[in-house]
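Chain by chain, the residues run as shown.
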Amino acid sequence: MSHLNHFEIFLLFSIVKILIVLVITLLGVAYTVLLERKVLGRLQNRWGPSRVGPFGILQPLVDGLKLFLKEDMMPLAVERPLFILAPIIALGCALISIAVVPFGATTIVDGVDLFQIANLNIGLLVILGVTSIGVYGIALSGWSSNNKYSLFGSLRATAQMISYELALGLSLVGVVLRAGSLSLRDIVASQSAHGALSWNIFGGYQFIAFFIYLMAAYAETNRTPFDLAEAESELVAGYHTEYSSMKFAMFFMAEYANMITVACVATLLFFGGASSPFGHTFDHAAPGLLLTGLISIFWFVAKVFAFLLLYIWVRGTLPRFRYDQLMGFGWKFLLPVAMVNVLATALALSYHS
Amino acid sequence: MEIALFIIFGLLAVAGALNLLFQRHPINSALSLVVVMMSLAVLYWSLGAEFLAAAQVIVYAGAIMVLFVFVVMLLNAGEEDRTHGSRIAYIAGIPGAAAIFCLLSFVFLSERSHLGSTQIGGYLTSAVSNISEVSHALFTSLLLPFEVTSILILVAILGAVVLARKEL
Amino acid sequence: MVPIAYYLILAAILFSIGIAAFLIKRNVITIFMSIELMLNAVNLTFVAFSHMWHQVSGQIFVFFVMVVAAAEASVGLAIIIALFRVRQTLDVDQINLLKH
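Residue numbers (my numbering), protein chains in the order written: chain A, 1 to 353; chain B, 1 to 168; chain C, 1 to 100.
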């Protein structure tokens, strides 16, 4: 590629990276749905989908085909432009935030980092910002549907997401203090020295922050036990009651893409990202730049997968909160604990330095 | 590169602001204001204020405007009607705003040569990044105003709680 | 290379539209939004000047403006909700309590 100049190489690599990451994320979304149905089935002592393909592994494709071929209903009383815009915002924001996630060790070829789309020095803030824009998708979908259940669902979801964003942001401050940077690469690098022992959750004593992050993340993605926005026993289907066909599928994909993003952020911030749990013990055994990169991707995917399993496990285990309990939990328990954690981390860091 | 960014997002901001003016439903106005804020965030970024760009998206677009949309949804506000007051406001408002715009742009254009031009990404004096620069200034020379704003926020929280009670 | 004056003129445009919206709009919430628009326009001038002088203090001023805007929005919206409870309207022409 010597006849291309620097900018052209950068452009080419970026487009290829974006395409690959997009395809893998969407496939990941499809197979997270299958994983959820399988694991939930086993938790409830049944088989889950098992008919399409061996062990039901073609089920997501068939599901997608079904949703694609369904009639796209447009109720008469909806606010048309916003009704169409809402699922686009939801899915778009869910997919954009994956762009700053470094999913492998730094592997630079021709001046381009292979395993990250954009290395920003405010990567963490970008993820927070894009997630907070995603609220509009849910808020607008409920309002534009012109339906009581949708409106209630989206009011609940909006209030819940604004409230838990505070606890989420505060729980990350301890990690940022330890790393001294908001760049996700730097945060991963700050915990890759001694393998699992230097991960923020163990060596960094951030397990309280991790607990708060986990709770807030469940609330941010509207998953059980905080899925009041789509509580089917009270609100039919919550904010997407009036949606059908591909627009419904976009909300569905957005929810699972958000789950994947949250799992990626938890992996990066608390579990050392793409670094190996054994530290540099086996580094001499892996020859070649690309193989090292692939091994780091394997660790990253394994950690994200463990988080997704935890998500599904929680969904299969815990009942739903009541709404006042949810707000009380967020404001009266998570927020003060997160503040105490920030103070304690700051004091410990200033004592050590 | 930078002029392209400026033209695209500047036009987007102006279009959003005009849309806020001409839409009759508060939700549409709120969404066009979100567009203005997002494009301003891009302009901040191109001026080198990375932290402010992120804060603009998180605080303004992601929290304050969500609160506006939330209140509009909660109160189920409908489209506004044209009243006698709005006719007077049209007669007084548009020329007044135009006059202010003419005055401001006259001043800016006449001082144009002294103002210089921008460089994408901004300038860093001593620090490694914009964030460390901002936080260094914030926690050393401007610590007192910073603490005062935290008291302001506390007062605002208390005020909001008192105002939102059932019986007033 | 964009002249700083262009950024300032953009801010002036946004500010005048904010003033016009403040005067023309009849809904309390929209009036409140036009105040936010004016604050944003002023923030843009602050960032532009901070870029021009190679100093970070303008950005910090914008940060404070954001904090104040957040506080103002929370209290203001709480007042609007309380007002709506009493008067059942958001139209400023009908909220003329002192006249009665």
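Among the hints, erroneous ones may be present.
Only pairs whose alpha carbons sit at most 25 angstroms apart, straight line, appear in this in silico SDA-like list of lysine to any residue [said to hold, decoys possible]:
#1 K38/A x L318/A
#2 K332/A x A89/B
#3 K332/A x V161/B
#4 K148/A x A164/B
#5 K332/A x F49/C
#6 K332/A x R165/B
#7 K332/A x Q55/C
#8 K332/A x I94/B
#9 K148/A x L67/B
#10 K148/A x Q55/C
Stretch by stretch, here's where chain C covers chain B in the computed footprint (C-beta under 8 angstroms, at least three residues) [as the list claims (entries may be wrong)]:
#11 12-20
#12 100-109
Calculated directly from the structure, the hints in this document are not laboratory data. Virtual Cβ for every residue (Gly too), placed ideally from N, Cα, C.
Quick rundown of the hints versus the structure:
1. Pair hint K38/A plus L318/A holds up; C-alpha atoms about 18 angstroms apart against a cutoff of 25 angstroms.
2. In summary, the hint linking K332/A to A89/B is not supported, as the alpha carbons are separated by about 46 angstroms, beyond the 25 angstroms threshold.
3. With a CA separation close to 14 angstroms, the supplied pair K332/A and V161/B stays within the 25 angstroms bound.
4. Using a Cα cut-off of 25 angstroms, the hinted pair K148/A and A164/B holds, with the two alpha carbons roughly 23 angstroms apart.
5. For the suggested pair K332/A and F49/C, the alpha carbons sit about 42 angstroms apart, so the restraint of at most 25 angstroms is broken.
6. Under the criterion of a C-alpha separation no larger than 25 angstroms, the hint pairing K332/A with R165/B is consistent with the structure, at around 18 angstroms.
7. Under the criterion of a C-alpha separation no larger than 25 angstroms, the hint pairing K332/A with Q55/C is inconsistent with the structure, at around 40 angstroms.
8. Restraint check: the Cα-Cα separation between K332/A and I94/B comes to about 48 angstroms, which exceeds 25 angstroms; the hinted pair is violated.
9. Between K148/A and L67/B the CA atoms are separated by roughly 20 angstroms; this keeps the pair inside 25 angstroms, and the hint holds.
10. For the suggested pair K148/A and Q55/C, the alpha carbons sit about 51 angstroms apart, so the restraint of at most 25 angstroms is broken.
11. With 5 residues having a Cβ less than 8 angstroms from any Cβ of chain C, the stretch 12-20 of chain B passes the three-residue criterion, so the hint holds.
12. With 6 residues having a Cβ less than 8 angstroms from any Cβ of chain C, the stretch 100-109 of chain B passes the three-residue criterion, so the hint holds.
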